[in-house]
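Novice: The listed protein sequences derive, respectively, from chains P, S, U and F.
FYI, my numbering numbers position 87 of the first sequence as 87, with every residue one higher than the one before it.
The number in my numbering is simply the position in the second sequence, starting from 1, with 176 added.
The number in my numbering is simply the position in the third sequence, starting from 1, with 370 added.
The number in my numbering is simply the position in the fourth sequence, starting from 1, with 701 added.
Calculated from the structure, these hints are not laboratory results.
All of these numbers come straight from a predicted model, not from anything done at the bench.
Keep in mind that a hint or two might mislead.
To be verified - Result set (DSBU-like, lysine-lysine): computed pairs, CA atoms no more than 35 Å apart in a straight line:
1) P:Lys164 to P:Lys48
2) P:Lys164 to U:Lys431
3) F:Lys851 to U:Lys697
4) P:Lys29 to P:Lys164
5) U:Lys697 to S:Lys208
6) P:Lys48 to F:Lys851
7) F:Lys1146 to F:Lys851
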Amino acid sequence: MTGIALILGAALGYAAVYFKVEGNPLAEKISALLPQTQCAQCGYPGCKPYAEAIVGGEAEINLCTPGGDDGMRLLAELLGREFKPRGAPVEKLKIVALIDEQTCIGCTLCIQACPVDAIIGSAKQMHTVVSRYCTGCELCLPPCPVDCIVLAEEPRTPQNWRWKYPATGLKVVAWH
Amino acid sequence: MSYLFVIFGAVLVNNVVFVRILGLCPFMGTSKKLDTAIGMGMATTFVLTLASGTCYLVDHYLLKPFDLSYLRTLAFIVLIAGIVQITELIIHKTSPALQQVLGIFLPLITTNCAVLGIPLLSANFGYGLLESLLFGFGSAVGFTFALILFAGIRERIDGADVPIAFRGVPIAMMTAGFMSLAFMGFAGLDRFHN
Amino acid sequence: MTSPHTRQPDSVQRIMITVLVALLPGIAAYVWQVGAGILVNLAIATAAALAAEALMLRLRKRPLWITLSDGSAVVTAWLIALILPSIAPWWLTVTGVLVAIVMAKHLYGGIGQNPFNPAMAAYCAMIVAYPALMSQWPSVDGADFATQVHLILGGSREIDGITGATALDAMRTGLRNQNDVHSILGTGVFGFAGGRGWEWIAAGYFVGGLFLLARRVITWHLPLGFIVGMGLMAGIFWLVAPESFPSPLFHLASGGAMLAAFFIVTDPVTGASSSLGKFIFAAGVGIIAWIIRTFGVYPDGIAFAVLLMNICVPLINRATQPAPVGKRKSP
Amino acid sequence: MALNSLRGGIEPDAHKKESSETPIRHVPLPSRLVVPLVQSSQESARTIITVGDRVLKGQCIGEAEGAGIAIHAPASGTVAEIGYYPMAHPSGLTSQAIVIEPDGEEHWITYEPLDPATASRDELILRIQASGIVGMGGAVFPSHIKARSKTETLLINGAECEPWITCDDRLMRERASAVVTGSAILAHLTGARQILIGIEDNKPEAIAAMRAAVCDMEPVALKCLDADKITVIAVPTRYPSGGERQLTRILTGIEVPPDKRVTGFGVQCFNVATAYAVCRALLHGESMVSRIVTVTGNVERPGNYETPLGMPIAELIALCGPKPGTTRILMGGPMMGFTLPSLEAPVTKGCNCLIAASAELFPPSEPEQPCIRCGSCVNVCPIELQPFEMYWSSRAKNFDSARQYHLFSCMECGCCAYVCPAHIPLVDYFRFAKSEIRARDEEQKAADQARARFEFRNARLGREKAEKAARMAAKAAETRAKSAGEAALIASAVDRTSAAARTPRDRQS
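Starting from the given sequences, assemble the full structure and let the hints guide the process.
Specialist: Shown next, in the form of structure tokens:
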């Protein structure tokens, strides 16, 4: 028995050195599934840190608000964990920040807060949100000293209009 | 021919999951998606074949000559634990996603009754080295086979309007039961061997 | 209101009724050859199936009438009644129907969603649970209607002279006793193709099957696949060793082969989806059924073969998914 | 000529006779014309008029942007308003539109006619764009884009396979010569060597008229293409033989993959009404200001109406006398059309047919039952998909699986739902799944972009921080070096006195 144990121990030790893993590719995969709003609503300073926290086992997979149920479902699939729905999914339009250009005093605080550099402008100049880049993370709201930023839904067009789930006599099947 | 029957018997007639009812934990746990099932099946095949051979060697050249057969179970457990550890390290290096998916289950292979049960069974049957290897391999292929088929069905059931009380594991257990029932049809097909 | 705004008048009900009509020639032959007891069993099975279906729909809070009236439960019930021995006691039939409707069908979400053929699941469960009762088949002209009803209603099972070995049983026992096929076929159990009398029932199913083909309820891939699968296996072994393996004709005419070819493997819900997949599925059923008949312990392997191939359906579908127009590799 | 057969397909009741037996009628001008700025599948036009301007019929009121097309005043009159009006779209959303109040004088402003034989190709194609010509079959894809690409074979689509619709039928019967001329010009533009005109064999009059027109081609058309290069082909009546890819397969045998355009296979396909519009635009200088609309169904006077674009649909329907029992109005055919959410929406270039639906003509669909995988839908799918598998995945919102079953190859022709014995609205499920998947892909793209920008910003902040730190460090080092230099001076003075007593280690500190 001792002999067996010794041999195995040696083999394990060798394997541990030989197959050493560098970095964590899984965090990248998780990060790719997160919505990248960098909103920090999960309690981590961005999507990548949250992904690393999931890999490290520190965080649950249901903390991402912008990702919603669909995002969590993908995470649950990737990680082989149970998916726990958080409620009926609501179809949402993309929400973007809008700066009231009359009120803006050009303090640049929001520019510094924006995690994706979606606000342009310079000191003492009026600022504008590039709605194409805005993730609707709301991080620019608190720093604004004059509360000139509001969040608004993007207008509906035939391009972002969606067909509804067919309403039928059968019950809707939830995908578990 | 008898070697063929060992494999045939292990894969279909005495399928490790459906007939011997061994290894249910990974069977239920890793059969949600086909890809996972294939990965788990391959990992188990690797471990089980290796374990069967190693266990045979230890049993035949170490335990039997020194009359230590009463240590068989103990020795096998240690051996399997070691082999699983090595496998885990290898998978960890080569396939991170698989590692994460199998993360909970790979250490469980250590205590997977199939992995312990098959070498013990082949020791009881008095199989030789080649037979042990084939039996281990065949059983593992049977396990993989069961896992893949089961995963296919589960993916389909995912879309079905299953009563809420039966969603998830309950209906999976029901399905495993029906599959077991189906595999009973092979009963008696291995009687030409033995 | 969305497109298309116009629809062809067709319904699930029409399909199911066509299947029921197609079963009638087989049932008529059954009554003619074996006796009217089968009608009692059919009635019991139908009633049990409708009751179970209604109960489950009620429990699951699903629309009752539309599913109850589609006839699918009746088809399942008739198939169960036809594959169980026609003198099986009523509770055996009812249990089988319950297994089929409650466990194999409704726990998976009801019609269209079950991965296993309900009737076959019921047969397998019954033969594993009650092997003795399941192998007591009435012999042709062995029992009058009253005796059959007596047995069905659970009367004491003094069955000597009433039951007889089926063709498959007689063949199996004969072969186990080292007799050759030719001498076994000489005994009184056999007719010109399969079991004496039973071959007419098989012919009845065949006629019904042709009707289904003509009405385009089923496609030819399934029956042909089954016949090719079973016929090929039987044919190869029969050509090699005709004294120990009966002919393909014998296999196809006995047991539930014809019922399976046209009414069981053709269940669309639990079968493969593409034409090629259908053929593979049916051929697999034929091959496995032949293997179990020849080497296994159960009298007729069709039910097990169907369940086993049901298990393989997702993989078959994955492997045989047809490419859309223009995506096919040029030959 | 050997025809290839359409795979799948259905044969619904044609209902063509209701509207095909009366000649095309002209519609009196309404009090207001609503011209949406978006009239094609591409960019919307840019307004070049202001409220109060007087415009002439055919005058450009919106210039083409990018690959889009120009829009024109459908009647002479005054620009009354630029506002948001309901679109003829199943969503019922509104879009920006120019409202014109006609003065009833119908003063035309036309371009200088072009001679295809002498005008340059660019000139002709720009004219097509400037005249606002789009595919009239319903897809409203700008024709100038299609005309620009070179091709071998030109298909002219007169199949009109949808039930009820007869506008192309009537057009070919009455104006065959112009259709053939337009086709010849398009062949000239695309460099096509031959033209195949496909017409379903339930329109014998149209086939005869077109054949006669080919035999008796106008000189201007003959300069573009020889008459013996044009073949009018009767194709079997079977829906959806009029689909672009389906017609291509029937007439040429080429199977075009669903994710590729037919253009890449040496084939280009135009609708007969598009060919007619090209003829009017190039040879007569008339911009596209009207189209023929079939109005049929539950109305007193079904038929084909030459309707000014922008006419509110409600007014057009009112002209045809809707009978009591009309519950809704369909735009397009019964197979692929949609229920108009608002009758205020105007007639647009893709509006080939309006059907007044009643419960008798279009009974409400029976309740959906579970799919029994009977395979009827597989048999009729012209793209050889497995609709019931796509349905299974779409219904369970298992979108990856739906995509694997080639959901995006589906053209929503509706054959599957037409035959489904379980009355499942399959197309609805497919549309739902498609728009969900598209939205998800968009979200994914946005997320990828956000991640890249976030990481770039972090890198930038890090770099700035590092630079700042480096600057600070340099400054500090400078200060330290300065003070160190002073210290060194003192130290060296001390050193000289006590060097022998110190270890090297001490000196480092």
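Novice: Now tell me, hint by hint, if it's right for this structure.
Specialist: Status of the hints after comparison with the structure:
1. P:Lys164 to P:Lys48: holds, 33 Å
2. P:Lys164 to U:Lys431: holds, 24 Å
3. F:Lys851 to U:Lys697: Given pair Lys851 of chain F, Lys697 of chain U holds - Cα atoms ~24 Å apart, limit 35 Å.
4. P:Lys29 to P:Lys164: holds, 31 Å
5. U:Lys697 to S:Lys208: Since the Cα atoms of Lys697 of chain U and Lys208 of chain S sit roughly 30 Å apart, the hinted pair holds (cutoff 35 Å).
6. P:Lys48 to F:Lys851: Since the Cα atoms of Lys48 of chain P and Lys851 of chain F sit roughly 49 Å apart, the hinted pair is violated (cutoff 35 Å).
7. F:Lys1146 to F:Lys851: Between Lys1146 of chain F and Lys851 of chain F the Cα gap is close to 34 Å, so the pair holds against 35 Å.
Checked against the numbered hints given earlier, this structure breaks only hint 6.
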